[in-house]
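Asker: Take a look at the letters that make up each chain.
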Amino acid sequence: MAYSPVPDTGESERHVITVLVDNEAGVLARIAGLFSGRGYNIDTLTVAEVDADAHTSLITVAAIGTPMVIEQIKAQLGRLVPVREVVDFSMDIPHVEREMALVKVVGTGEKRVEALRLSDAFRARVLDTTHSSFVFEITGASDKIDAFINLMRPLGLQEISRTGVTAIARGANTNEQE
Amino acid sequence: MSRLKSGAQIVLQALIDQKVDTIFGYPGGAVLPIYDELFSSEDIRHILVRHEQGAVHAAEGYARASGKPGVLLVTSGPGVTNTITGLADAMMDSTPLVCITGQVPTPLIGTDAFQEADTVGITRPCTKHNWLVRSVDDLPRILHQAFHIATSGRPGPVVVDIPKDVQFAKGNYRRPTPEMLKCYQPQLKGDETAIEEAVDLMLSARRPIFYTGGGVINSGGRACTLLRELVQMSGYPITSTLMGLGAYPASDPQWLGMVGMHGNWEANHAMHKCDVMINIGARFDDRVTGRLDAFSPHSKKIHVDIDPSSINKNVRVDVPVVGDCANILEVMIKVWKDKAVRPSGSHEVEDWWAQIEQWRARKCLAYQDSGNVIKPQYALERLYALTANRRDVYISTEVGQHQMWAAQYYHFQEPRHWVTSGGLGTMGFGLPAAIGMQIAHPDKLVVDVAGEASALMTIQEMSTAVQYNLPIKIFILNNQYMGMVRQWQELIHGGRYSHSYSESLPDFVALAQAFGAHGIRAENKAELDSKIEEMIEIDKPVLFDCRVDPHENCFPMIPSGAGHSEMLLSADPDERTAVSKEDKTLV
Ligand SMILES: Cc1ncc(C[n+]2csc(CCOP(=O)(O)OP(=O)(O)O)c2C)c(N)n1
Ligand SMILES: [Mg+2]
Numbered sequence: 003m004a005y006s007p008v009p010d011t012g013e014s015e016r017h018v019i020t021v022l023v024d025n026e027a028g029v030l031a032r033i034a035g036l037f038s039g040r041g042y043n044i045d046t047l048t049v050a051e052v053d054a055d056a057h058t059s060l061i062t063v064a065a066i067g068t069p070m071v072i073e074q075i076k077a078q079l080g081r082l083v084p085v086r087e088v089v090d091f092s093m094d095i096p097h098v099e100r101e102m103a104l105v106k107v108v109g110t111g112e113k114r115v116e117a118l119r120l121s122d123a124f125r126a127r128v129l130d131t132t133h134s135s136f137v138f139e140i141t142g143a144s145d146k147i148d149a150f151i152n153l154m155r156p157l158g159l160q161e162i163s164r165t166g167v168t169a170i171a172r173g174a175n176t177n178e179q180e
Numbered sequence: 296m297s298r299l300k301s302g303a304q305i306v307l308q309a310l311i312d313q314k315v316d317t318i319f320g321y322p323g324g325a326v327l328p329i330y331d332e333l334f335s336s337e338d339i340r341h342i343l344v345r346h347e348q349g350a351v352h353a354a355e356g357y358a359r360a361s362g363k364p365g366v367l368l369v370t371s372g373p374g375v376t377n378t379i380t381g382l383a384d385a386m387m388d389s390t391p392l393v394c395i396t397g398q399v400p401t402p403l404i405g406t407d408a409f410q411e412a413d414t415v416g417i418t419r420p421c422t423k424h425n426w427l428v429r430s431v432d433d434l435p436r437i438l439h440q441a442f443h444i445a446t447s448g449r450p451g452p453v454v455v456d457i458p459k460d461v462q463f464a465k466g467n468y469r470r471p472t473p474e475m476l477k478c479y480q481p482q483l484k485g486d487e488t489a490i491e492e493a494v495d496l497m498l499s500a501r502r503p504i505f506y507t508g509g510g511v512i513n514s515g516g517r518a519c520t521l522l523r524e525l526v527q528m529s530g531y532p533i534t535s536t537l538m539g540l541g542a543y544p545a546s547d548p549q550w551l552g553m554v555g556m557h558g559n560w561e562a563n564h565a566m567h568k569c570d571v572m573i574n575i576g577a578r579f580d581d582r583v584t585g586r587l588d589a590f591s592p593h594s595k596k597i598h599v600d601i602d603p604s605s606i607n608k609n610v611r612v613d614v615p616v617v618g619d620c621a622n623i624l625e626v627m628i629k630v631w632k633d634k635a636v637r638p639s640g641s642h643e644v645e646d647w648w649a650q651i652e653q654w655r656a657r658k659c660l661a662y663q664d665s666g667n668v669i670k671p672q673y674a675l676e677r678l679y680a681l682t683a684n685r686r687d688v689y690i691s692t693e694v695g696q697h698q699m700w701a702a703q704y705y706h707f708q709e710p711r712h713w714v715t716s717g718g719l720g721t722m723g724f725g726l727p728a729a730i731g732m733q734i735a736h737p738d739k740l741v742v743d744v745a746g747e748a749s750a751l752m753t754i755q756e757m758s759t760a761v762q763y764n765l766p767i768k769i770f771i772l773n774n775q776y777m778g779m780v781r782q783w784q785e786l787i788h789g790g791r792y793s794h795s796y797s798e799s800l801p802d803f804v805a806l807a808q809a810f811g812a813h814g815i816r817a818e819n820k821a822e823l824d825s826k827i828e829e830m831i832e833i834d835k836p837v838l839f840d841c842r843v844d845p846h847e848n849c850f851p852m853i854p855s856g857a858g859h860s861e862m863l864l865s866a867d868p869d870e871r872t873a874v875s876k877e878d879k880t881l882v
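Going line by line, the protein sequences match chains V and H. With the first sequence counted from 1, adding 2 to any position gets you my numbering. With the second sequence counted from 1, adding 295 to any position gets you my numbering.
Derived by calculation from the structure, the hints in this document are not laboratory data. Misleading hints may appear alongside valid ones.
Unchecked claim - Cβ-to-Cβ under 10 Å is the rule here; a few derived chain V residues that face chain H: (1) D24; (2) G28; (3) L36; (4) G80; (5) L82; (6) R172.
Unchecked claim - What follows is a list of derived Cβ distance ranges for each label pair: (7) N43/V / K314/H: 41 to 49 Å; (8) N43/V / Q663/H: 46 to 54 Å; (9) P69/V / L299/H: 49 to 57 Å.
The model shown is predicted, which means the values in this text are computed figures rather than measured ones. Quick reminder that beta carbons are idealized off the backbone N, C-alpha and C, glycines included.
Using the sequences plus the hints, can you model the full thing?
Answerer: In structure tokens form, the structure reads like this:
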């Protein structure tokens with residue numbers, strides 16, 4: 003507890019931030035530790051190598067905080083030695099965001115038919131099927147996935163696996179350092 | 296191709312190439328190969344401490360008094376865990392350290408081997424960066440990067456964890472190359488437009504104040520010289536944080552004394568009422584700002600800092616300038632001169648100075664002296680009076696009331712002469728820090744202003760001081776209380792002094808003798824001066840048991856949850872505003 007509470011009266015926002023890092027041991031722990039240690043909220047976090055030759059990975063974080071906290075999150079990320087670049091897509095960068103989910107729905111009869119019908123409307127793919135179950139693959143913005151999951155709930159939703167959000171800038175522009 | 300070296304030899308060669316001549320350490324199984332190399336080394340002096348925490352604080356003292364990185368060497372497991380307090384301390388106070396740790400052999404990592412600890416995991420949040428060296432081929436690069444990262448940008452501690460098999464393995468040594476250092480390139484130059492905007496704001500000020508911090512000292516001697524030039528050119532008042540004392544000479548009339556929880560009346564009021572605040576290398580720490588929504592409500596704020604994450608962290612600023620303050624101060628001075636629309640000391644800020652003189656006239660550091668009992672403030676006034684004529688006195692402190700009194704009553708003219716644990720507030724810091732300071736300045740007077748409780752936390756390092764003939768002076772203001780704790784209990788917890796009495800204290804004079812050091816006790820005012828003289832004269836480590844008034848409190852004080860304008864000058868209940876229930880939860 004600080005000597006005096008921070009009068010941070012801003013409204014919380016969700017920001018999608020990508021972090022280009024050197025792909026070295028422990029780098030994910032540094033990022034995760036920074037969020038837990040400083041009490042920042044992570045909504046989703048994804049990580050994968052993006053350039054094997056340059057040994058870089060891209061971490062995408064969806065973080066929730068007031069504008070002041072989001073600014074701190076970016077500055078604190080930028081301070082870590084293996085971090086090469088931090089991009090906040092939610093700050094006026096035209097971009098696309100996608101997330102993938104695998105959704106298992108178990109049921110028979112009416113509900114099963116309805117689940118299949120809805121999955122079609124959402125352009126979900128059927129990856130696996132038995133007489134009593136489906137595994138759907140759905141890709142889209144997070145709110146679309148939320149909507150699909152909510153519709154599946156009364157129809158026998160059993161299990162969900164989500165990747166977390168990933169993002170990229172629109173158009174020919176890249177956000178990578180030259 | 297050069298001849299192959301063992302990992303341990305590579306460590307020593309890297310230290311030599313990094314111009315390290317002294318390291319602090321403690322041996323153990325996982326660092327034996329490196330100790331074996333030290334056995335025959337003539338280039339590196341090893342100081343054997345008595346506890347690894349002592350090694351870190353000594354390295355911190357060395358670094359802060361010399362401007363060079365502090366280096367230490369410890370073994371795996373308990374060796375490392377004993378360093379954590381010191382690493383966290385160095386992290387908070389931006390002190391450059393390179394901590395080399397032994398690790399169990401690579402094949403044993405993860406097996407709960409004897410003296411295995413997840414060193415990079417444990418030290419991650421309290422280092423600027425750390426590495427586990429998995430191959431001897433990576434060792435030279437990592438070691439050079441370690442020094443680069445510890446010392447550049449905002450300095451800090453780094454840990455290089457070297458498994459024992461890597462210390463034995465043979466590899467090629469490489470000297471530092473620019474390529475290796477590309478991994479970390481902090482921004483050093485300030486944005487010129489921002490600097491110009493800052494200077495315009497400074498020139499438009501009617502109630503300006505410089506608020507400076509440890510960043511100026513970390514930047515180096517040039518930054519301190521430039522700061523003096525800019526402040527004097529402007530004619531503006533200047534205050535500083537605890538960490539920044541000495542960057543600007545305390546004898547100068549523009550100096551208002553320290554800011555913050557136990558800062559000067561005039562400094563805190565000027566911070567509260569100013570219209571332009573010029574923060575150079577300070578971080579709006581909570582000990583300085585007090586209640587944030589009451590902090591300097593009417594000012595525009597300029598913030599010069601090398602760490603972008605310090606900008607807008609606690610306090611929103613109007614003109615941020617990221618970069619090394621020496622570079623930025625240089626440009627500021629140039630821009631100021633170009634715009635020289637008025638001579639320095641002109642009447643624009645005359646009213647402001649008149650107001651400041653009124654605050655000054657409150658003489659906030661005045662205290663009720665007594666006939667014969669030594670007041671702690673008096674002891675420090677005498678220490679200052681009897682040592683200040685000697686050039687170059689180096690002061691460290693422990694943590695508590697004595698620390699704040701030392702900051703208030705000892706006046707610093709030069710940077711790097713004041714070494715205290717600011718951010719972490721680590722009791723036990725000052726004694727080992729004094730060892731490091733004495734090693735950095737063998738011929739100078741080094742005094743640790745201590746409390747009796749703090750001194751006992753790292754007292755074992757007296758043995759180190761004796762072994763290496765380091766004539767450090769441990770000047771204990773013995774009030775028989777954890778005075779700072781007692782003060783808070785008095786002010787906030789209804790005088791219920793729960794476990795804050797220093798029970799069963801050792802006889803410090805006998806203790807000094809047991810260590811082979813010199814012990815002195817002063818019990819009344821009459822004998823104080825001669826005893827202080829004795830302490831200065833004797834060429835040995837000294838434990839000085841200065842018996843002071845046990846009930847004295849440290850003022851001025853900004854109580855929990857209060858703003859700068861709500862400072863207390865004494866324990867007088869009439870003056871005291873009740874601390875609300877909510878504010879009691881604050882630290
Ligand atoms: C390692 C550590 N433990 C606990 C504290 C909390 N603390 C702050 S000041 C203080 C009392 C210090 O007593 P002493 O060294 O006698 O100094 P005094 O305040 O009496 O001058 C304590 C316990 C601390 N700062 N550091
Ligand atoms: Mg005490």
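Asker: Give a verdict on every hint.
Answerer: Hints, verified against the model:
1. Interface hint status for D24/V: upheld, as the beta-carbon distance to the closest one in chain H is roughly 8 Å, under 10 Å.
2. The beta carbon of G28/V comes within 6 Å of a beta carbon in chain H, closer than 10 Å, and the hint placing it at the interface holds.
3. Checking L36/V against chain H: minimum C-beta separation of about 8 Å stays under 10 Å; hint holds.
4. Hint status for G80/V: holds, given a least beta-carbon distance of 6 Å to chain H, under 10 Å.
5. Because the beta carbon of L82/V sits about 8 Å from the nearest beta carbon in chain H, less than 10 Å, this interface hint is met.
6. For R172/V, the suggested interface contact is broken, since its CB lies about 27 Å from the closest CB of chain H, more than 10 Å.
7. A beta carbon spacing of about 45 Å between N43/V and K314/H agrees with the range 41 to 49 Å that was offered as a hint.
8. Range check, N43/V to Q663/H: about 51 Å between beta-carbon atoms, so the 46 to 54 Å window is met.
9. Here the CB-CB span from P69/V to L299/H is close to 55 Å, well matched to the stated 49 to 57 Å.
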